[in-house]
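For reference, the chains in residue letters:
Number of protein chains: 2
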Amino acid sequence: MSLSKKMSRIDSSPIRRAFELASKIENPINFSIGQPHFPCPQNIVEAMKKALDNGKTSYTLTAGIPELREAMANKYRTENSISYATAERVLVTSGISSSLFLLFNALVDPDDECLVISPYFLMYPSMLGFYGAKVTTLDQNFTPEMVSKLKDRKFKLIIFSSPSNPTGKILSKTQLTALAELAESTGAHLISDEIYELFDYDNKFISVGSFYEKTITLSGFSKTYNMTGLRLSTILAPQEIITALTTLQQYTVVCAPAPVQWAGLEALKTDMSSYIQDYREKRDYVYDNLKDHYEVEKSDGAFYFFLKVPIRDEDFVNKAVEKEKLILVPGYIFCEDHNHVRLSFASEWDSLKKGIAALQRLA
Amino acid sequence: MSLSKKMSRIDSSPIRRAFELASKIENPINFSIGQPHFPCPQNIVEAMKKALDNGKTSYTLTAGIPELREAMANKYRTENSISYATAERVLVTSGISSSLFLLFNALVDPDDECLVISPYFLMYPSMLGFYGAKVTTLDQNFTPEMVSKLKDRKFKLIIFSSPSNPTGKILSKTQLTALAELAESTGAHLISDEIYELFDYDNKFISVGSFYEKTITLSGFSKTYNMTGLRLSTILAPQEIITALTTLQQYTVVCAPAPVQWAGLEALKTDMSSYIQDYREKRDYVYDNLKDHYEVEKSDGAFYFFLKVPIRDEDFVNKAVEKEKLILVPGYIFCEDHNHVRLSFASEWDSLKKGIAALQRLA
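Chains as they are written, first to last, in our numbering: chain A, 1 to 363; chain B, 1 to 363.
By construction, these hints were calculated from the structure, which means they are not laboratory data. Any given hint might turn out to be false.
Repeated chains share a single entry, so a pair holds when one copy, or any two copies, can fit it.
Lysine-lysine pairs mimicking BS3-like chemistry, simulated, CA-CA at most 25 Å apart [to be verified]: (1) K134 with K6; (2) K154 with K325; (3) K6 with K214; (4) K323 with K204.
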């Protein structure tokens, strides 16, 4: 069977391998999960059922239902301080992965240079590489001076997630400003993946789009409301980009699932603060109980820690499974070295405490 | 704003332009619609609501829920006479457009030659062209002799829909055999898009997969059950292809919407024969009332006719809108000439009769 040449550039995600590993172990402590441990709030589920009762099972407009585009524009203006946001600049699509696929196809040619902040969400370099682009990385603790050294490079695209998957790091205003200036001076598209924006434990999060109008802002419903299986996200971008992405969406995704778009409207009205408070306490608990055992930066957001481990990451992951039934994700899929593991604290207290005790024993 | 070079190869679909045109006219007769006029059956809607009540809002396994893969394998064995179908050979994905996107990315390299049966679903040549492939067409009324003349060509992929969008044509066993032999001798992947399989008015439909095991069979729920906005489809293919597509799906679609997969299970149990009977009568009505006014082949299936018109297709479409408020789709997006229009008879009787009378006046 002959496959395309591109297919040799990707392989099965190690996160999924962790998932399969977990399914084979009895009563594992699973710290590998990339989704909240709480259920999708009931009001959102009811809104989706109501949409189904109202016959919302047919194609919607390609760019999404006008009601959700308008509500998202309003959210961007009021919650993200993005004053120029309008419904026309919003595309509704089917999860951040679909957003990335649309963007990489619409913006990137083979051999284009792209800058990715590291550690990174594994899909950025994987899919950029799949499409033949060349990836340069810059550590998340970069200074403006480090960015200005890149001024003479020809970047087509700059991408990062803040809060970060896998580290929980939230980029500072100084850092975001440096990236926006680099985008402006090199003509690169600046993509800000803000899917974890609500998981912001110390009120540090800023949308780069609030001060740089050419930003391409990615927002998701999956993580905030545990709608990971419902496939809904939005892109806010300059009008020309939205027009191009909408054309490409006609030929690929077609539209985000219709009843889910109506559920998204309800999701935006849902108060998630008690869930965030729970995760803030878990973030603190994990840090307080691991900081004397591992080299680790305190996570600002999302629900991850990126721990430096004393042995090679894959060996550590195997040891954790064998000795403690603890599932982790090896760090090499998020960065260029083999010295870290990713830990998700999106779990119940009981399981979290057991896992942290296990990690103390493994140090 | 700099876009990728690929983006210059596609433009906004004229089908959507027809859609927008329809939204601007008061009380149009809309024959441009590519979806059934009946609602999604209530038992399917209820199954989806039940899945939501059962908390099915999280990611599923990448390849789909095992229950649906198993049910589809069973459907392929019993309804399509595809004896080798197993759950492991089935990938659940998010609509035929997503299936095509996965396949074209996984199988086709720039400059690969692809054979498309014409008239064709506009996405085949559009997306193959987008990815840099070269498209050759072969008229749907081809003979085995015409196919054997192509034996020395190096095709990477052969694709067709049967029943056809836009003509309703169902390929004969002789024709399918010729295509399978061409695929076998040239090493091409054979893709059979069977989304309209249930709309088969004279019991002519055969799955090429029933006698050629390397076939890649595409099946959808959208048209059969009017679930176009729910985004669900499946691919049956050799194991190596399914493995590759599943890897690519991890990085793009991630999974089909979770509650919709459960609704798909219920859909498979739904008797659609009364709906099909209604469309059979409409097919006959359209043919009987147009055959003396237009050059037209009797449609075997789907819910389309492809009419030869006396003037250039776009002029005819404009004239139909202006004189009769009748919305049609110009034929050039489905074939290489400007001599046809596509008519969808997925409509209520009242509207259908008005539209056919208008077409008689326009002849």
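Here is what the structure says about each hint:
| no. | hint | result |
| --- | --- | --- |
| 1 | K134 with K6 | both (14 Å within a copy, 17 Å between copies) |
| 2 | K154 with K325 | neither (47 Å within a copy, 52 Å between copies) |
| 3 | K6 with K214 | between (30 Å within a copy, 22 Å between copies) |
| 4 | K323 with K204 | neither (37 Å within a copy, 61 Å between copies) |
The structure is inconsistent with the numbered hints 2 and 4, although it conforms to all the rest.
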